[in-house]
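Colleague: One-letter residues, chain by chain:
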Amino acid sequence: MERPIAFREDRCKGCALCMTVCPKEIITMSSRFNTSGYKVVEVRDEVMETCTSCAACALICPDYAISVWRKPARDKKGEVADVHYG
Amino acid sequence: MKNGKEAFTLPGVLADIPTHYCPGCQHGVAQRLVAECLDELALSEKAICIGSIGCSVFIYNYLLVDSVEAPHGRAPAVATGVKRARPEAAVFTYQGDGDLASIGMAETMHCANRGERVTIIFVNNTVYGMTGGQMAPTTMVGQRTTTCPGGRCADNEGQPIKMTEIIASLGGSAYAARVAVDSVKHVRAAKKAVRKAFEAPLNNLGLGFVEILATCPTNWKMTPVQANERIAAELIPYFPLGTFKDVTELETIEGPEVAE
Amino acid sequence: MSTTGERVLIKGNEAICRGAVDAGCQCFFGYPITPQNDIPEYMSKVLPSLGRAFVQAESEVAAANMLLGAAACGVRAMTSSSSPGISLKQEAISYMAGTELPAVIVNISRGGPGLGDIGPSQGDYFQAVKGGGHGDYRQLVLAPGTVQEAYDLIRKAFDLAFAYRNPVMVLGDAIIGQMMEPVTLGSATTPTNVDQDLGWNLQGKGQRHPRLLKSLHLTDGALAGHNIRLRDKYESMERDVLFDNFLVDDAELIVVAFGSIGRIAKSTIRALRASGKKVGLHRPISLFPFPSQELDRLAASGKRFLTIEHNLGQMVEDVRLAIRKHADSDFYGHLPGNLPTPEDFEQPILAALGVRT
Ligand SMILES: Cc1ncc(C[n+]2csc(CCOP(=O)(O)OP(=O)(O)O)c2C)c(N)n1
Ligand code: SF4
Ligand code: SF4
Ligand code: SF4
Ligand SMILES: [Mg+2]
Numbered sequence: 001m002e003r004p005i006a007f008r009e010d011r012c013k014g015c016a017l018c019m020t021v022c023p024k025e026i027i028t029m030s031s032r033f034n035t036s037g038y039k040v041v042e043v044r045d046e047v048m049e050t051c052t053s054c055a056a057c058a059l060i061c062p063d064y065a066i067s068v069w070r071k072p073a074r075d076k077k078g079e080v081a082d083v084h085y086g
Numbered sequence: 001m002k003n004g005k006e007a008f009t010l011p012g013v014l015a016d017i018p019t020h021y022c023p024g025c026q027h028g029v030a031q032r033l034v035a036e037c038l039d040e041l042a043l044s045e046k047a048i049c050i051g052s053i054g055c056s057v058f059i060y061n062y063l064l065v066d067s068v069e070a071p072h073g074r075a076p077a078v079a080t081g082v083k084r085a086r087p088e089a090a091v092f093t094y095q096g097d098g099d100l101a102s103i104g105m106a107e108t109m110h111c112a113n114r115g116e117r118v119t120i121i122f123v124n125n126t127v128y129g130m131t132g133g134q135m136a137p138t139t140m141v142g143q144r145t146t147t148c149p150g151g152r153c154a155d156n157e158g159q160p161i162k163m164t165e166i167i168a169s170l171g172g173s174a175y176a177a178r179v180a181v182d183s184v185k186h187v188r189a190a191k192k193a194v195r196k197a198f199e200a201p202l203n204n205l206g207l208g209f210v211e212i213l214a215t216c217p218t219n220w221k222m223t224p225v226q227a228n229e230r231i232a233a234e235l236i237p238y239f240p241l242g243t244f245k246d247v248t249e250l251e252t253i254e255g256p257e258v259a260e
Numbered sequence: 001m002s003t004t005g006e007r008v009l010i011k012g013n014e015a016i017c018r019g020a021v022d023a024g025c026q027c028f029f030g031y032p033i034t035p036q037n038d039i040p041e042y043m044s045k046v047l048p049s050l051g052r053a054f055v056q057a058e059s060e061v062a063a064a065n066m067l068l069g070a071a072a073c074g075v076r077a078m079t080s081s082s083s084p085g086i087s088l089k090q091e092a093i094s095y096m097a098g099t100e101l102p103a104v105i106v107n108i109s110r111g112g113p114g115l116g117d118i119g120p121s122q123g124d125y126f127q128a129v130k131g132g133g134h135g136d137y138r139q140l141v142l143a144p145g146t147v148q149e150a151y152d153l154i155r156k157a158f159d160l161a162f163a164y165r166n167p168v169m170v171l172g173d174a175i176i177g178q179m180m181e182p183v184t185l186g187s188a189t190t191p192t193n194v195d196q197d198l199g200w201n202l203q204g205k206g207q208r209h210p211r212l213l214k215s216l217h218l219t220d221g222a223l224a225g226h227n228i229r230l231r232d233k234y235e236s237m238e239r240d241v242l243f244d245n246f247l248v249d250d251a252e253l254i255v256v257a258f259g260s261i262g263r264i265a266k267s268t269i270r271a272l273r274a275s276g277k278k279v280g281l282h283r284p285i286s287l288f289p290f291p292s293q294e295l296d297r298l299a300a301s302g303k304r305f306l307t308i309e310h311n312l313g314q315m316v317e318d319v320r321l322a323i324r325k326h327a328d329s330d331f332y333g334h335l336p337g338n339l340p341t342p343e344d345f346e347q348p349i350l351a352a353l354g355v356r357t
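Chains as they are written, first to last, in the working numbering: chain A, 1 to 86; chain B, 1 to 260; chain C, 1 to 357.
These aren't lab readings, by the way, just hints derived from the structure by calculation.
Take the hints with a grain of salt, since some may be wrong.
Taking lysine to any residue and the SDA-like style, the derived pairs with C-alpha atoms no more than 25 Å apart in a straight line are [stated by the list, open to error]: (1) Lys214/C <-> Lys192/B; (2) Lys71/A <-> Val225/B; (3) Lys214/C <-> Ile17/B; (4) Lys39/A <-> Lys5/B; (5) Lys5/B <-> Gly37/A; (6) Lys192/B <-> Asp16/B; (7) Lys24/A <-> Ile17/B; (8) Lys45/C <-> Pro87/B; (9) Lys24/A <-> Val187/B.
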């Protein structure tokens, strides 16, 4: 499964600002706490596909907790034609 | 798992460490924008950061450039000394509203008036964050703080100071803008303003100044989301966003000759 | 800049400027106040013509913080002022001491407290020597007694500032500043440090790791460690103690006086020697480090002491502390508001000698 967005949970302070700017409204508060004691946000697997990689969440995040990747380009057969980074 | 190129990258000059700021504090965004501009303009090797006293006192832990700590309010004077000693350096200050607009008002005004070729990043969160939320020169009328518990009263404490307008009115400033980081659109505009504020002094045009309206959820006694909403609801109507001065577009500006 | 060996007739304030320029002073930051105005005026003429920086600051607070900035870059930089302005510089001096920055501060002091007057006074001894700013710190203090010394000591001040990475104050007064005397100038070869990598100064990081200059120490034990290191540094300054002994060997009474007063007292002593009075002079030139060991040595040999100052008794406390194992010191304080003459000190010295007049 492609995951265009990832949260660095150790950095997240649960401020929820990213939730307010996501045009797809797919970022939600999880029930997990990180080691600093902050409740962290997440994008659940079932909605991950809808992420457009717009990076709005990363731009507003005061704690550099969000990584966003562009969706890879695909060839005619639907195979990923872009470079894989990880 | 991760595919394709990053749609968002952190600037290399920004230390990739957790910040000491409270949840939702927009000092984090402000310093990231500074770092992005330092990287984009390839300034990190010749930048000298003048830190100030306030919640951003540890700015030097995040921006990986040569730094010196200034006494409370004196960053523009320290910047003047640094720039006069090292004219080739890209010198900038990063200051809060108590630091810049109260105790450091004289240093700020005269640094701008002399047209020191430095950049001032001014983070206005309408409160003394570090000392626990006392009234600042930029505190809104009616805003409750620990030293105006009944709310700031214009009769007694005056009106909040509009620094960008003042700086724009001074002969030595080349660029003065007020921005916010409460929405994606505003963050993008803020980035452009910070960049221009760095370019103006480097192009020998005068001082570059950006006021960034920012939240202090902790001392505003609000959730980060409520605090962020307050920026548009209460602050921007009084502190209008925009570019108040920009001589960077002009063709020729008379100025002291730069040594070859 | 001067040619080695050139002899000129100049005022003390100009000697300070010429010494600073010859010492490679790259930046000067000042603010007008009498009786030191000749200094910023001279520097505003000369420094720009040498491609160096002069800034008239908006206040002494700003001037001292500009100095902090230039010092952080590792260039030779200075500020000058007079008493009320020096009070305003204390914040930056404390920060520079805490951050270990080399800087030179000139105080052509005047009468106080408050606005006082514009005449000579030594009322700033405590402020200069005990630390007028906050925190546990010291600055080196050099007190010239002649115009030649003003020239020589300002040059030394820069060397000491960089040797110890510490603020150095040159403490003069309206007498030293305004008096004209012939001065032999030295060579003007000292570098301004502009391009030098001193291992700590800010230049923009280039390819190396970023450097940080600060006085904040929050981690456990960090400030205590910093304070201990600073104390050790201050103690090591003892090796740079400076003083002038005049006819002390056979003296029964030693007059202790610094700066212009030391020089005036020397004339009194010369006159009294002519009438057979066994009196000598000990003139501390470095007020910090204070010549305590030398005073102790003199006291151990059975001398008596009279401290003369142009105030109501400040340095005398350090003299008494230095000689406490063997002797005490009498005190004569000449009040500010008028210029003392050698005759003014005659009676106090005779009285201390126990001569009835
Ligand atoms: C001379 C001096 N006075 C007072 C203080 C205490 N102090 C530290 S930070 C601060 C105000 C900080 O407010 P601001 O500049 O708005 O920065 P913020 O924390 O809000 O980002 C004050 C008054 C100090 N450090 N030094
Ligand atoms: S904006 Fe950043 S810190 Fe805040 S909740 Fe989202 S990921 Fe966490
Ligand atoms: S990248 Fe855009 S769509 Fe994806 S989670 Fe962030 S804000 Fe939402
Ligand atoms: S007190 Fe306010 S300004 Fe300081 S870190 Fe917390 S939220 Fe930010
Ligand atoms: Mg503030």
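Colleague: Next, verify each hint and record whether it holds.
Modeller: Consistency of the hints with the structure:
Restraint check for lysine 214/C and lysine 192/B: not satisfied, since their Cα atoms lie roughly 31 Å apart, outside the 25 Å limit. At most 25 Å may separate the alpha-carbon atoms for a hinted pair to count; lysine 71/A and valine 225/B exceed this at roughly 29 Å. Only pairs whose Cα atoms come within 25 Å are accepted, and lysine 214/C paired with isoleucine 17/B is accepted, the gap being roughly 20 Å. For the given pair, lysine 39/A sits about 29 Å from lysine 5/B by alpha-carbon distance, which is inconsistent with the 25 Å threshold.
A C-alpha spacing of about 32 Å is found between lysine 5/B and glycine 37/A, which places the hinted pair above 25 Å, so the restraint is violated. The hinted pair formed by lysine 192/B and aspartate 16/B meets the criterion: a straight-line CA distance of about 23 Å does not exceed 25 Å. For a cut-off of 25 Å, the pair hint linking lysine 24/A to isoleucine 17/B is broken: about 29 Å separates their Cα positions. With a CA separation close to 20 Å, the supplied pair lysine 45/C and proline 87/B stays within the 25 Å bound.
For the hint pairing lysine 24/A with valine 187/B, the CA-to-CA distance comes to about 19 Å; that is within 25 Å, so the pair holds.
Hints 1, 2, 4, 5, 7, counting from the list given before, are not met by this structure.
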